[in-house]
Amino acid sequence: MNQMPQDPMDDLLEPDPELDSQLSTLQQFSPIVGFEDRVMARVSIPQPAALEPRRAPGRFQRLVRRPAWALAGSLATGSSLATALVLRWITNSGFGRTQVWAWLNQVQGPVNTWVESAMSQATAYASQQTAAAWTKLGLWAVGAGAGMWILPAACAWGLYRVMEQHGMKGTTAYARR
Amino acid sequence: MASQGIAGASDQDVIKWALEGHEPAYRELIRRYQRPIFSLIYRMVRDRELAEDLAQETFIKALNALDTYRPEFKFSSWLFKIANNAAIDHLRKKELHTLSLEGAPDAPAGDREGQPLQIADRTETPHDEFEAKELGSAIERAIGALRPEYRQCILLRHVEGRPYEEISEITGLPLGTVKTFIHRARAQLKEALEPLRE
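Same order as they appear, the protein sequences are chains X and G.
Per this note's numbering, the first sequence starts with residue 1, numbered consecutively.
Per this note's numbering, the second sequence starts with residue 1, numbered consecutively.
By construction, these hints were calculated from the structure, which means they are not laboratory data.
From the three backbone atoms N, C-alpha and C, an ideal C-beta is built for every residue, glycine too.
Careful, some of the hints might be misleading.
[To be verified] Beta-carbon label-pair distances, calculated as ranges: (1) G:G144 to X:D16: 13 to 21 Å; (2) X:D16 to G:S10: 32 to 40 Å; (3) G:H97 to X:R66: 46 to 54 Å; (4) X:Q27 to G:G21: 30 to 38 Å; (5) X:Q27 to G:H97: 30 to 38 Å; (6) G:H97 to X:P46: 32 to 40 Å; (7) X:A76 to G:D67: 33 to 41 Å.
[Unchecked claim] So these bits of chain G aren't anywhere near chain X, every CB distance computed over 12 Å: (8) A9; (9) S77; (10) N85; (11) H97.
Chain X extracted, bound-state conformation (with noise of 0.2 Å):
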């Protein structure tokens, strides 16, 4: 253990034969038997059974344990399986692309009706309910107001009876504090 390997910081070094041959009588020291028991004993094992599935999983198995990425890939893989339904079915049904456009402007007039229908609608709903959340923040504005002329008054009262409590003795130094 004492035998050191060469290093060329050695060189520079003060060179001290008495003080490396004193250094090379340092010997190692023992602890006391049974040691390794009681490290043993504070030691967890893992057990392999556990080891199992924590051994080198592969991208794939990583990936798939989370589960935003497990979602986000199962709905890419429908969108695209559907895409792909939808295409063979419009190949095999004969259609050409004028037919295909002329389906489309067909079915444009009731979706734009569906629409506008659905986004006027959804205005209205919208209208409503900011109006109705500004009434009750109204309301609320006014209970709030009239707290706070509440407040001071019950710090006073409360002030107050601390001071009772002591007496109105040294109410002076109790407000230095």
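Given chain X, work out where chain G should sit, using these hints.
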């Protein structure tokens, strides 16, 4: 890995085996490093019982966190680092405790002067006598008188035979600082041992 071959296996193989849940591998790691780790801590704190406790804590901490050990580093360096931190932390806490007993720096002037810590006259117990013998040689006493930072470097270098780069890694000190500390420690040891030279 057959249990009869474990003694000759590399640290990395033993660790791999330990991580697979084999108790003999854990025991082998303790057997390999209990003496160097204990010796380092003992010479740092100079109290056998305390050194036992700190060495035990070092192994418990390391072995329970074995799965966080990165194989690209030497296991011995990792273990020495934990042991060294334990010893240095203890010495720092002890230093703080001594300071607080001697009077806090922001205490009123009367208190700051502080009363010297009164230690009851203690007769040397067999335990103390044993320690005095173990660490009683001139070189051991001279090492004990070094600053903890110098002591850790000189012990790692001259008792454990670690290269400078590894000492730097273990202590967290820059390489140049390690070299300076060893140089100064050697100079102080030389000075301390001068009267004994013929």
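Results for each hint:
1. With their beta carbons about 19 Å apart, G144 (chain G) and D16 (chain X) fall inside the hinted range of 13 to 21 Å.
2. A hinted range of 32 to 40 Å for the beta carbons of D16 (chain X) and S10 (chain G) is consistent with their spacing of about 36 Å.
3. The hinted range of 46 to 54 Å is satisfied by H97 (chain G) and R66 (chain X), whose Cβ atoms lie roughly 48 Å apart.
4. Q27 (chain X) and G21 (chain G) have their C-beta atoms about 35 Å apart, which keeps the hinted 30 to 38 Å range intact.
5. For the hinted restraint 30 to 38 Å between Q27 (chain X) and H97 (chain G), the CB-CB distance of approximately 31 Å keeps it satisfied.
6. The hinted range of 32 to 40 Å is satisfied by H97 (chain G) and P46 (chain X), whose Cβ atoms lie roughly 38 Å apart.
7. Between A76 (chain X) and D67 (chain G) the CB atoms are about 34 Å apart, so this pair conforms to the stated range of 33 to 41 Å.
8. For A9 (chain G), the non-interface assignment is confirmed: its Cβ lies about 18 Å from the closest Cβ of chain X, beyond the 12 Å cut-off.
9. Separation of S77 (chain G) from chain X is adequate, the least Cβ-Cβ distance of about 15 Å exceeding the 12 Å criterion.
10. Residue-level check passed: N85 (chain G) sits 18 Å from the nearest beta carbon of chain X, beyond 12 Å.
11. Non-interface status of H97 (chain G) relative to chain X is upheld: no Cβ of that chain comes within 12 Å, the nearest being about 25 Å off.
Every hint, counting from the list given before, is met by this structure.
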